[in-house]
Amino acid sequence: MGTPLAGYLTVAALLFAIGLAGALTRRNAILVLIGIELMLNAANLNLIAFWRYGPHPEALTGVMFAIFSIAVAAAEAAVGLGLVISIYRHANTSELDKMTRMKG
Amino acid sequence: MILESTASTSQFAPSSITGILWLIPAVPIIASGVIALLKQPRRKPAAALAIGALSVSLLLSLIAFVHVVSGWAHGAAVREFVNFTWIRVGPAHVDLGWVLDPLAAVMLVMVSFVGLLIFIYSVGYMEHDENFTRFFCFLSLFAGAMLGVVISNSLLLLFMCWEIVGLTSYLLIGFWYQKPSAAAAAKKAFITTRFGDVFFLLGIVWLFAETGTLLFYNHGLGSLEPLSLAIVLTNHAGLGLSAAGAIGLLIFAGAAGKSGQLPLHVWLPDAMEGPTPVSALIHAATMVAAGVYLIARVYPLMQIGAGPNESTTALTVVAWVGTVTAVFAALIAVAQNDIKRILAYSTVSQLGYMMAGLGLGGVAVGMFHLITHAFFKALLFLGAGSVIHGCHEEQDIRRMGGLRVDMPLTFLTYGIGMLALCGFPIVFSGFWSKDAILEAAQHWSVAKTPFYLLVFGALLTAFYMTRQVCYVFLGYWRGHGEAHESPTVMTLPLAILAFFAMALGLIGTPAWPWFHAFLENRSTLFDIHAFIEMRFLLLMGASSLVVFLGLGLGAWLYGNKSPEPEEPDALEKSAPILWAGLRDRLYVDEFYGATVIAFYAWGARVADWMDRHVWGGIVAAVVWLFGLWAKFNRMLDVNWVDGSFDKTCEELSSSGGLLARLQDGRVQSYLRILAVAVVVLTAILLWSSRR
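Keeping their order, the protein sequence lines are chains V and Z. By the numbering used here, the letter at position 51 of the first sequence is numbered 51, and the numbering carries on one by one without gaps. By the numbering used here, the letter at position 479 of the second sequence is numbered 479, and the numbering carries on one by one without gaps.
Just to be clear, a hint being listed does not mean it is correct.
Said to hold, decoys possible - In silico negatives: residues of chain V with every beta carbon more than 12 Å from chain Z:
#, residue
1, A29
2, V32
3, G35
4, A49
5, E58
6, A59
7, F68
8, A71
9, A73
10, A75
11, E76
12, A77
13, A91
Claimed, not checked - Facing chain Z, a subset of chain V residues (Cβ under 10 Å, in silico):
#, residue
14, A23
15, R26
16, R52
17, T93
18, D97
19, T100
Think of the hints as simulated: they come from the structure by calculation, not from any bench. We put the beta carbon where it would ideally sit given N, CA and C, even for glycine.
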């Protein structure tokens with residue numbers, strides 16, 4: 001029983017690491033957003049895995065939690081993409097390093 | 001203020017008129033205050049207020065006069081007073097009050113009556129002046145203050161009113177202050193009279209120190225009553241004078257300043273720069289008489305210590321100063337060409353007669369001349385004003401002439417005034433009042449010189465007045481334009497005054513010396529035999545002769561000749577040097593200019609030099625020291641205080657810069673640090689859990 005959970009967690013950790021690397025290294029705001037989404041989904045994977053191998057797999061709490069999290073992530077992605085588009089229209093770029101107007 | 005109303009005499013219960021006597025000065029003063037609040041172009045209410053207020057005063061004065069006369073007729077001397085305490089400091093207290101006695105009653109009626117006539121005349125004379133309301137404001141204030149002087153029962157109250165009178169005199173002389181000469185004359189009058197007033201004030205303080213009261217009459221405790229007089233008589237002031245004599249002389253110095261006695265007469269002729277009604281009211285009829293009135297008021301103090309037929313030092317000085325002034329001013333009047341200036345010197349001269357009358361013969365003699373003079377000199381000044389008005393503001397008598405045709409009413413009344421002033425026999429008041437003075441001089445126990453001097457003065461008076469009348473009214477017209485008669489509002493007061501200039505003599509003839517008896521509280525009977533008494537007849541004859549001589553001399557020299565304005569005077573041709581001296585007023589002004597004024601100018605220069613170099617130097621040194629100190633402070637500030645502060649600020653801002661570098665706004669770098677931190681933390685946790 002222990003091995004499958006460790007496998008899931010390893011996948012989730014890898015996924016998170018890939019997402020983090022993407023969020024940290026990409027210059028394009030959209031790619032950063034994609035990285036963030038990857039990290040979020042890694043967390044969702046963890047939630048499902050812990051639920052499935054936890055003490056009460058009969059209750060649907062893990063699924064519910066994951067669905068809520070995905071819904072929030074969708075809303076967040078919508079807002080994030082809206083911002084990016086809006087900034088792109090305004091500043092004609094989506095490069096994070098060039099968005100320095102509000103820098104003190 | 002504690003009001004202690006203690007009105008009574010031994011003979012009379014306090015009458016209602018004495019209780020409200022204070023209204024006589026108060027009404028014109030209140031009117032003056034109201035006029036001051038009126039807007040400048042409101043002529044009619046201003047004149048109506050001033051004249052109305054003075055009419056009320058005249059009415060009250062007449063009631064008071066009748067009250068005093070009826071009391072006297074019933075054989076009781078009226079002397080009623082109301083006193084109250086003004087200031088109380090420990091045991092000492094300063095009292096004020098007012099008094100009604102024959103002296104005050106006579107003056108009240110004279111001042112308010114002459115004043116009223118002059119107010120009415122002013123309505124015409126000042127018709128075109130734009131400061132009409134201001135003029136009546138000042139006139140009214142003057143009348144109130146003068147009436148205050150008259151009714152004062154306290155030397156202090158008298159002094160206060162005296163100073164208000166001096167102030168209004170200053171304001172009215174300088175009424176046309178745009179003229180530099182008028183402004184200078186106002187200052188001269190004020191300063192010269194102040195000079196006398198300083199001595200007057202010293203006398204007041206001394207009297208207070210000696211007797212502890214400044215009230216004249218106060219149930220035996222006043223300063224003019226025997227108890228106090230005994231104190232001031234027994235105390236010695238040095239130089240063989242009693243305190244009474246010294247105080248008397250100090251008070252006389254104040255009176256001399258106000259009444260234009262030598263050597264303080266210089267302001268009075270210059271005071272003619274004011275409007276003519278002012279000259280008539282203030283500088284001929286009433287204010288200048290205040291000095292004479294003051295001496296008459298404090299006469300018991302001046303007289304104390306003299307036996308019958310003796311004179312005190314103070315009175316001797318008064319008599320001599322008066323006599324010398326009378327002749328001195330009459331001499332100068334001979335050679336003046338300004339119509340008002342002649343009258344001004346004549347006023348100085350007549351005031352000298354009054355003072356001499358007081359010093360030689362007593363209160364009644366001096367006061368009688370004061371009253372008659374007030375009427376005929378007001379008449380002459382108003383006549384002169386009418387002449388000036390009619391001749392388009394011309395004041396030089398050489399540019400007049402022939403006015404008897406153009407201004408008949410003025411000529412007639414002026415002639416009456418002139419004859420009254422000369423002392424033309426029998427029908428003119430001046431004759432009787434001047435004769436009384438001459439008679440007193442004739443019987444003076446100290447010296448006979450004043451008598452001869454005063455007779456000479458009478459000759460001069462007749463001479464210079466004849467000269468003036470010849471120049472102005474006889475001959476032919478030498479001025480510019482057409483002369484015209486003045487309006488009725490101006491000639492009517494002239495006529496009334498002319499009537500009194502003649503009629504007033506009747507109350508003081510030797511046959512019926514009503515006035516003298518009234519003031520001295522004797523009974524009097526009509527006694528025609530007094531005329532025929534040898535001493536009167538001789539003196540009257542002599543003085544008539546002198547007057548005729550003066551008139552004849554004047555008529556012979558000036559007559560109907562009408563000399564051209566540029567032509568030298570008839571007297572100048574025969575005695576040019578003497579004439580020049582008289583014309584230049586015997587160089588008294590120049591003398592003062594060379595001594596007193598030069599001294600003050602020198603003092604002012606010294607003070608200026610001290611200011612610039614000594615005090616200014618000290619100030620500059622202090623400034624320099626403080627400058628040095630300030631520089632030192634600044635150095636400390638810049639190098640030390642500011643340095644440390646600047647350093648602190650620099651440090652703060654550089655450390656802030658360092659911190660700001662961390663917060664560079666790149667979310668990815670924050671995230672990077674966060675990731676590193678999580679990894680490190682995880683490593684630490686793992687590492688610690690393994691142990």
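Okay, the hints, checked on the actual structure:
1. A29: The claim breaks: V/A29 does not keep its Cβ more than 12 Å from every Cβ of chain Z (closest is about 10 Å).
2. V32: Per Cβ check, V/V32 is inside 12 Å of chain Z; nearest 7 Å; violated.
3. G35: violated (10 Å)
4. A49: With a cut-off of 12 Å, V/A49 remains clear of chain Z, as the shortest Cβ separation is near 19 Å.
5. E58: Holds, since 32 Å exceeds 12 Å.
6. A59: holds (30 Å)
7. F68: Answer for V/F68: holds, closest chain Z Cβ roughly 24 Å.
8. A71: holds (24 Å)
9. A73: Holds: least Cβ distance 17 Å, greater than 12 Å.
10. A75: holds (19 Å)
11. E76: At roughly 15 Å from the nearest Cβ of chain Z, V/E76 sits farther out than 12 Å, so the non-interface label holds.
12. A77: Per Cβ check, V/A77 is outside 12 Å of chain Z; nearest 16 Å; holds.
13. A91: holds (14 Å)
14. A23: holds (6 Å)
15. R26: Hint on V/R26: holds, closest Cβ of chain Z at ~8 Å, below 10 Å.
16. R52: The hint is violated - V/R52 has no Cβ within 10 Å of chain Z, the shortest such distance being about 24 Å.
17. T93: Hint on V/T93: violated, closest Cβ of chain Z at ~15 Å, above 10 Å.
18. D97: holds (7 Å)
19. T100: Holds, because the Cβ-Cβ distance from V/T100 to chain Z comes to roughly 7 Å (cut-off 10 Å).
Hints 1, 2, 3, 16, 17, counting from the list given before, are not met by this structure.
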